[in-house]
Amino acid sequence: AQSVTQPDIHITVSEGASLELRCNYSYGATPYLFWYVQSPGQGLQLLLKYFSGDTLVQGIKGFEAEFKRSQSSFNLRKPSVHWSDAAEYFCAVGADGSARQLTFGSGTQLTVLP
Amino acid sequence: IAGITQAPTSQILAAGRRMTLRCTQDMRHNAMYWYRQDLGLGLRLIHYSNTAGTTGKGEVPDGYSVSRANTDDFPLTLASAVPSQTSVYFCASSDSGVGYTFGSGTRLTVV
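If you're matching them up, the sequences are chains Z and E in order.
Going letter by letter, the first sequence gives residues 321 to 434 in our numbering.
Going letter by letter, the second sequence gives residues 166 to 276 in our numbering.
Since the hints were made in silico from the structure, they are not lab data.
Honestly, I wouldn't trust all of these hints.
Facing chain Z, a subset of chain E residues (Cβ under 8 Å, in silico) [unchecked claim]: (1) G207; (2) L208; (3) Y213; (4) T216; (5) F267.
Computed list of chain E residues with no C-beta within reach of chain Z, every gap over 10 Å [unchecked claim]: (6) I169; (7) I177; (8) A180; (9) R183; (10) R193; (11) G205; (12) G264; (13) L273.
Just so we're clear, the structure is a prediction, and the values are computed from it rather than from any experiment.
Glycine included, every Cβ here is placed at the ideal spot set by N, Cα and C.
Generate the whole structure from the sequences, applying the supplied hints.
Here it is in C-alpha cells:
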C-alpha cells in the first residue's frame, strides 16, 4: 500500500523568504503525486501534480515541486513567500499508480511572519 | 459555477441519530470520494465511487455507507452516529486523473 509522510507539522517563515515543504512517499511503481493547499475553513485546492516526464513541475501561485525517485521525495518550493501563502499544505500519492483514491499526508501548517 | 456542493455546512448531532451528508457535483466527473479530516491525521478515505452504480470502501469505512444512483450525487450516511465520527467531511470528484476537485466541507459534531 502507498503512504505519504510530511515530516514537518508546522513551519514558520518570514515574508519574502524561500520555502521548502518536504514530502516523502512510499509506492512500488511510478507514483502520481500531488500538492494541495487548504486555507482556513475551506476545501483543498490543487497546486500542482506530477504524472510523468519532467521531474520539475510548475504549479499555481508560483509554487514548484521536484520529483526525486532516488529519494522518494516530492518537495514543494517557492522562492519568495507571500503572507497570503499561510495555509495548510498536503502532499498526496495516487493509489495503485493512478490518480484516483489519493492517500494524503498529515499536512504541514505554514505560518508567514510579516 | 462548476464545482461541488456539500450540505449542510455544519451540524451538531446527537449520538445514535442517523445523518446524511449531501454532495452534488456539476462537472460530470466519473469518480467521487468521501474523506474525513482530523487534526494530525490529514485526510482519510471513507468510501469512493469510480462510476455511477458502483461504490467501494476506503481506509475508514466502518459506520458509514454511500450510494451512487447517478453521476452527480454521492450522499454519505451515518446510520447511528458516535462521538468518534466528529470530524470535517470533504466530498471530492475527479475525472481522468487530473486531480480532485473538493467541496468546502461539512463540519460534524456528534454529542
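- [ ] Hints the structure violates: just list their numbers, smallest first.
- [x] 4, 6, 11 and 12
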